[in-house]
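With the hints as your guide, set chain B onto chain A.
Heads up: the sequence lines are chains A and B, in that order.
Here the first sequence stands for residues 5 to 280, where the numbers follow the numbering used here.
Here the second sequence stands for residues 5 to 280, where the numbers follow the numbering used here.
Keep in mind that the hints were calculated from the coordinates and are not lab data.
We put the CB at the ideal spot given by N, CA and C, even for glycine.
Treat the hints with care, as some may be off.
Covered by chain A, according to a simulated footprint, are these stretches of chain B (three or more residues, beta-carbon under 8 Å) [said to hold, decoys possible]:
(1) 61-67
(2) 149-161
(3) 237-243
Once the Cα atoms are required to be at most 30 Å apart in a straight line, the calculated DSS-like pairs of lysine-lysine come out as [to be verified]:
(4) B:Lys173 x A:Lys223
(5) B:Lys223 x B:Lys130
(6) B:Lys258 x B:Lys208
(7) B:Lys223 x A:Lys173
(8) B:Lys173 x A:Lys173
Distance windows between CB atoms, simulated [to be verified]:
(9) A:Lys173 x B:Val274: 51 to 57 Å
(10) A:Ser44 x B:Leu123: 55 to 61 Å
(11) A:Ser109 x B:Asn260: 49 to 55 Å
(12) B:Arg175 x A:Lys173: 16 to 22 Å
(13) B:Lys258 x A:Gly62: 41 to 47 Å
(14) B:Ser109 x A:Lys17: 39 to 45 Å
(15) B:His254 x A:Asn107: 21 to 27 Å
This is what each chain is made of:
Protein chains: 2
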Amino acid sequence: MISWAYINNEFIKEEQAVLHVRDLSILRGYAIFDFFRFSSFRPVFIDQHLARLQSSAGGLGLSIEKDNQELKAITKELIERNKASNGGIRITVTGGISENGYNPSRSCLVITQHNFDELTPEQFEKGIHLLSFEHQRQLPHIKTSDYIMGISLQPWIREQKADDVLFMKNRIITECPRANIFTVNPAGQLCTPAAGILQGVTRKMVMQLAAAHYEVIEKDISLEDIYLAQEVFITSTTKTLLPVRMVDHHSIGKGNSPVGTHILQLYNAVSSVASI
Amino acid sequence: MISWAYINNEFIKEEQAVLHVRDLSILRGYAIFDFFRFSSFRPVFIDQHLARLQSSAGGLGLSIEKDNQELKAITKELIERNKASNGGIRITVTGGISENGYNPSRSCLVITQHNFDELTPEQFEKGIHLLSFEHQRQLPHIKTSDYIMGISLQPWIREQKADDVLFMKNRIITECPRANIFTVNPAGQLCTPAAGILQGVTRKMVMQLAAAHYEVIEKDISLEDIYLAQEVFITSTTKTLLPVRMVDHHSIGKGNSPVGTHILQLYNAVSSVASI
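The following block holds chain A by itself, in its conformation from the complex (with noise of 0.2 Å):
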């Protein structure tokens, strides 16, 4: 149960946490966010997320009226006030409202918390099926609010009993809507797309932590080298490290995650110990 949120400078009730519908996210799509996870109380890599909240917004033009020490204190007493030991935490800055409808001026910021679900060992199993699909995302290193291309092919996705989509210009691959992407080469080198990406928080952990162990590659990946790979895996805040089992119906490598669960266990004795 969350109660409470965060929009400009002060706390209000979660089901009060509105914004006007002349707010520029609203009328033109202009947001940027970022979202980190918090456990046993303690936001996990939040100075990673800030960094990324605040290059996020210079992108858009967009000025947040609060340093990041500020950010963070209301951070902790948002999830404090909310009782709530783990979950995940949002922050929004949006175009605010505007004379003229499209020109922003004073931007809005808006925290809330979100619930969500770790992942069960049955899912990290199972894994994921994707499918390839020819889009650039605009402005890919900025963690804006759009999202219209991954969700409006939704119908398709379920259509062909698959769970999201693969972004690729030419052939190159790219990155998830909502996730980075990952390969085992037939070499047993890790290799990651270095562009047209966003550049994740959990992929950059992800990079530093394999490299001790192996053979780290930011390169040009294509659909076929997807298809011929050893592991596919993608990594985000929400799901952290998930293998793929399956791109456009073909089944990727033996169906087991070797490295994957390597790196996985890695990456959680990291984030055990991440705090504010």
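Frame of chain A, contents of chain B only:
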């Protein structure tokens, strides 16, 4: 002074026209809309706008819980309540509040009234300056709330002392962020891009009206074609028809608009008799 708005099933005070921050329009940029003028309390070309609204909603899998007759009746009452004889009406359909924050369930209907100033003869005479920019809008045939690219380019547009951008893909032009584009080529034909665009209501009306006087062609238009055109103009509901005097700091034609002026006269004659 706009006093009233409409959300879902009720008229509400405009200052109370709000959406919860968990609405998918805010969380995921998932919303469509349409916008039309009214003049002397009468909506202009409302049937065409409602047809496109329904098409946009279908394109994103959103259902509108009112039929077009009901939408017309609500619009009529909203205009009467607000007591202004001229302005604009925006009908927005959002993804609504979703259990998992991603998949739309029950959409939300928002109808708001907006002021807008009719263009003056001086603005027509002055025209505008466009800057070409490589970008293809996603799902261009659907009128989504996504204006991220156009708005994020505003600082560059201001710096260049220009007025807006002209999107193109591989140097084949498509449209402006909020308007369609036409050229009068050296052979005197009226040309407009056929693909990768929003099917503008004003664009269609201009094509129909012009066909009695000019050869009208939907075709690929390169940036070089633009530079060599006799005339260039944009069309939209808010701007009707506005000459483009410069593109990328190149002057267009002789700096006058005989064809644009003629077509605008034809358009104004028709729109003045259009009614609900």
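When you check the alpha-carbon spacing of Lys223 (chain B) and Lys173 (chain A), does it fall within 30 Å?
25 Å, holds
Taking 21 to 27 Å as the hint, is the beta-carbon distance of His254 (chain B) and Asn107 (chain A) inside that range?
26 Å, holds
Do the alpha carbons of Lys173 (chain B) and Lys223 (chain A) lie within 30 Å of each other, as the hint requires?
Holds, because 25 Å separates the two Cα atoms, which is no more than 30 Å.
Taking a Cβ-Cβ distance under 8 Å as contact, does the region 237-243 of chain B have three or more residues in contact with chain A?
violated (count 0)
Tell me if the beta carbons of Ser109 (chain A) and Asn260 (chain B) are separated by a distance inside 49 to 55 Å.
36 Å, violated
Is the distance from the Cβ of Ser44 (chain A) to the Cβ of Leu123 (chain B) consistent with 55 to 61 Å?
60 Å, holds
Cut-off 8 Å, C-beta pairs, minimum 3 residues; does the coverage of the region 149-161 of chain B by chain A stand?
Per the Cβ count (9), the hint holds.
Has the hinted range 39 to 45 Å been met by the Cβ atoms of Ser109 (chain B) and Lys17 (chain A)?
Given range 39 to 45 Å: violated, Cβ gap about 23 Å.
Going straight from one Cα to the other, do Lys223 (chain B) and Lys130 (chain B) come out at no more than 30 Å?
Holds, at about 27 Å.
Lys173 (chain A) and Arg175 (chain B) - C-beta distance against the hinted 16 to 22 Å:
Holds, since Arg175 (chain B) and Lys173 (chain A) (Cβ atoms, about 18 Å apart) stay within the stated range.
Is Lys173 (chain B) within 30 Å of Lys173 (chain A), Cα to Cα?
Between Lys173 (chain B) and Lys173 (chain A) the Cα gap is close to 14 Å, so the pair holds against 30 Å.
Does the Cβ-Cβ separation between Lys258 (chain B) and Gly62 (chain A) fall within 41 to 47 Å?
Holds, since Lys258 (chain B) and Gly62 (chain A) (Cβ atoms, about 43 Å apart) stay within the stated range.
Checked against the numbered hints given earlier, this structure breaks hints 3, 9, 11 and 14; the rest are met.
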